[in-house]
Amino acid sequence: MDLRQWLIPQDKEFFDLFEEMVGTVVEAANALVELMNDYTDLGAKSQHMKELEHEGDRITHAIYEGLNRTFITPLEPEEISRLATAMDDVIDCIEGTVQQLHNYGIPATDSPMRQFSKLIQLSATEMQTAVKGIRSMKDVQSIEARCIELNRLENVADEVLGHALTELFRGSDPLTIIKLKDVYENLEQATDRCEDVANVLSDIVIRHS
Amino acid sequence: MDLRQWLIPQDKEFFDLFEEMVGTVVEAANALVELMNDYTDLGAKSQHMKELEHEGDRITHAIYEGLNRTFITPLEPEEISRLATAMDDVIDCIEGTVQQLHNYGIPATDSPMRQFSKLIQLSATEMQTAVKGIRSMKDVQSIEARCIELNRLENVADEVLGHALTELFRGSDPLTIIKLKDVYENLEQATDRCEDVANVLSDIVIRHS
Amino acid sequence: MDLRQWLIPQDKEFFDLFEEMVGTVVEAANALVELMNDYTDLGAKSQHMKELEHEGDRITHAIYEGLNRTFITPLEPEEISRLATAMDDVIDCIEGTVQQLHNYGIPATDSPMRQFSKLIQLSATEMQTAVKGIRSMKDVQSIEARCIELNRLENVADEVLGHALTELFRGSDPLTIIKLKDVYENLEQATDRCEDVANVLSDIVIRHS
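Protein chains in written order, with my numbering: chain A, 7 to 215; chain P, 7 to 215; chain U, 7 to 215.
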């Protein structure tokens with residue numbers, strides 16, 4: 007077994023871990039949509055989300071440990087750590103919002119929350135396609151198309167936020183406004199974090215294609 | 007035509023795009039000051055700001071595409087993408103605040119808003135001088151002086167925010183406080199984003215001078 | 007005196023400056039805990055905090071100037087500037103919260119504030135051990151253990167924030183809620199900034215061990 011053969015599994019490992027990570031992002035986004043559509047058993051559902059967050063942390067640590075052990079990596083160490091951290095931030099943001107719904111005692115979900123969640127789910131799916139694409143780097147244009155779509159979805163979320171806040175301030179109960187404003191802004195930030203992942207992927211594509 | 011001649015236009019292209027970008031930052035900052043001083047036709051003015059934001063996105067994409075095509079760049083690919091993204095973030099932040107004034111139905115501008123806008127305008131002008139300077143890298147000290155000034159302006163904005171919030175909380179209408187606090191904080195964040203540009207420029211100067 | 011000897015002092019200088027910087031972070035964290043436990047003379051104490059913030063700025067500038075003068079550095083220039091900026095951000099965040107207590111006219115500290123401050127102080131101490139460790143890079147595992155602990159402390163702060171906000175929203179005065187929510191979130195963010203330092207340190211360890 008020569009050195010190259012010995013190294014290939016290591017190279018592959020990162021892509022396996024990235025796919026595991028983006029799979030967890032998709033799972034968290036799906037769980038969020040589900041929770042928004044069926045707002046019951048919040049305790050159990052927020053517990054499940056916390057487990058997904060720990061799963062994200064576990065994969066991130068595995069990626070960092072991989073960086074310590076591997077001598078030759080297909081990507082720059084910094085790119086690997088940036089991509090892992092960016093995907094982990096998406097999960098943290100989704101989980102944080104679910105905790106917030108719980109902590110704030112929000113009694114029901116509403117139309118903006120469901121719209122944001124759908125946008126987060128769409129973003130997660132695009133992200134998954136793009137992340138799978140960097141393994142072979144064969145179809146760079148498709149990865150870039152996914153990144154542009156992630157940017158577009160973030161812009162849509164931004165508009166949803168504008169309308170939701172305008173509507174919210176028509177109400178008069180300050181505590182409700184403070185709480186819902188926070189929830190809306192955090193959901194919108196989840197799409198910002200997805201856009202951050204797109205930016206890291208764009209940088210990787212630029213360097214390696 | 008030798009390789010070097012063929013490459014020079016490519017090298018130049020990035021600096022042209024950076025100057026176009028910082029020109030858009032200056033234009034957005036000027037439009038913000040104008041809107042603060044003449045708070046009429048908010049619909050048309052926020053539409054104009056949205057166009058400037060799209061212009062920023064267009065230039066950012068052109069810079070990213072340039073990275074895909076060019077083999078030798080005067081700067082590291084990562085520096086180029088960081089600088090483009092940082093300037094784009096300034097425009098996004100200015101545009102976001104104007105949308106907010108519109109969405110929140112803020113009836114009039116006030117002294118803190120005008121002070122922030124003036125600081126953003128001053129920051130944009132300093133930024134423009136610094137960005138123009140990285141083309142030749144002849145006067146590194148002048149670029150660094152602009153970066154220090156951008157840091158100083160951000161500190162001033164921070165103090166304006168402190169005073170504005172203290173004053174704001176002397177009022178008693180929670181909805182007004184929530185809305186204006188958001189507007190002030192976003193205007194202050196525009197100067198943070200200008201400081202981010204200064205940090206990227208400092209890093210570039212350190213590497214290339 | 008050969009070139010190598012001439013360079014060694016320069017290499018050392020960065021580590022001296024990093025230790026000076028992390029010493030200032032620890033000092034700011036200690037001053038925060040002290041202020042939380044003895045909430046008197048807020049004017050004088052916030053003035054002292056402002057001086058620590060200026061001290062942080064001074065060291066950051068010294069590090070940047072060092073980058074301009076030194077040709078061979080033990081770390082990448084970008085790593086050095088990232089580490090300096092990340093530590094400076096911790097101090098800025100602590101100082102900003104103290105200004106906020108002052109500006110908002112918060113009449114007394116409370117249990118969540120004291121818990122956050124203690125977590126920030128613990129984080130600063132862990133950070134100091136880790137930063138001292140990168141000079142020799144002899145005990146990489148100990149640095150990594152500190153980074154993991156900084157992540158853990160940030161998770162604890164996150165939970166403290168969740169409980170504190172739940173409790174806060176049980177009250178009814180919107181202005182108090184707006185103010186305290188801001189203070190709690192900023193204190194929690196100080197632990198986020200400590201985690202950022204941990205991430206930079208992890209990246210440095212990965213590259214250089």
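Quick caveat, the hints were computed from the structure, so don't treat them as lab data.
Computed from a predicted model, the values in this text were never measured in an experiment.
Be a bit skeptical, because a hint or two may be false.
Because identical chains share one entry, a pair is satisfied inside a single copy or across any pair of copies.
[What the hints assert, rightly or not] Okay, derived cross-link-like pairs now, DSBU-like style, lysine-lysine, Cα gap no bigger than 35 Å in a straight line:
{"no.": "1", "residue 1": "Lys187", "residue 2": "Lys144"}
{"no.": "2", "residue 1": "Lys51", "residue 2": "Lys144"}
{"no.": "3", "residue 1": "Lys144", "residue 2": "Lys124"}
{"no.": "4", "residue 1": "Lys51", "residue 2": "Lys187"}
{"no.": "5", "residue 1": "Lys51", "residue 2": "Lys138"}
{"no.": "6", "residue 1": "Lys124", "residue 2": "Lys138"}
{"no.": "7", "residue 1": "Lys138", "residue 2": "Lys56"}
{"no.": "8", "residue 1": "Lys56", "residue 2": "Lys124"}
These are the hints, each one checked on the structure:
For the identical chains of this complex, Lys187 and Lys144 are neighbours neither inside a copy (43 Å) nor across copies (49 Å), given an alpha-carbon limit of 35 Å. For the homomeric pair Lys51 and Lys144, neither the shortest alpha-carbon distance inside one copy (39 Å) nor that between copies (44 Å) is at most 35 Å. Taking the closest pair of Cα atoms, Lys144 and Lys124 come within 35 Å of each other only inside a single copy of the chain (29 Å); across copies the shortest separation is 49 Å, beyond that limit. In this homomeric assembly, Lys51 and Lys187 come within 35 Å of each other (Cα to Cα) both inside a single copy, at 22 Å, and across copies, at 25 Å.
In this assembly of identical chains, the alpha carbons of Lys51 and Lys138 lie at most 35 Å apart only when taken from the same copy (28 Å versus 42 Å across copies). In this homomeric assembly, Lys124 and Lys138 come within 35 Å of each other (Cα to Cα) only inside a single copy, at 21 Å, whereas the closest approach across copies is 43 Å. With identical chains, the CA atoms of Lys138 and Lys56 are at most 35 Å apart both within one copy (25 Å) and between copies (34 Å). In this homomeric assembly, Lys56 and Lys124 come within 35 Å of each other (Cα to Cα) both inside a single copy, at 20 Å, and across copies, at 25 Å.
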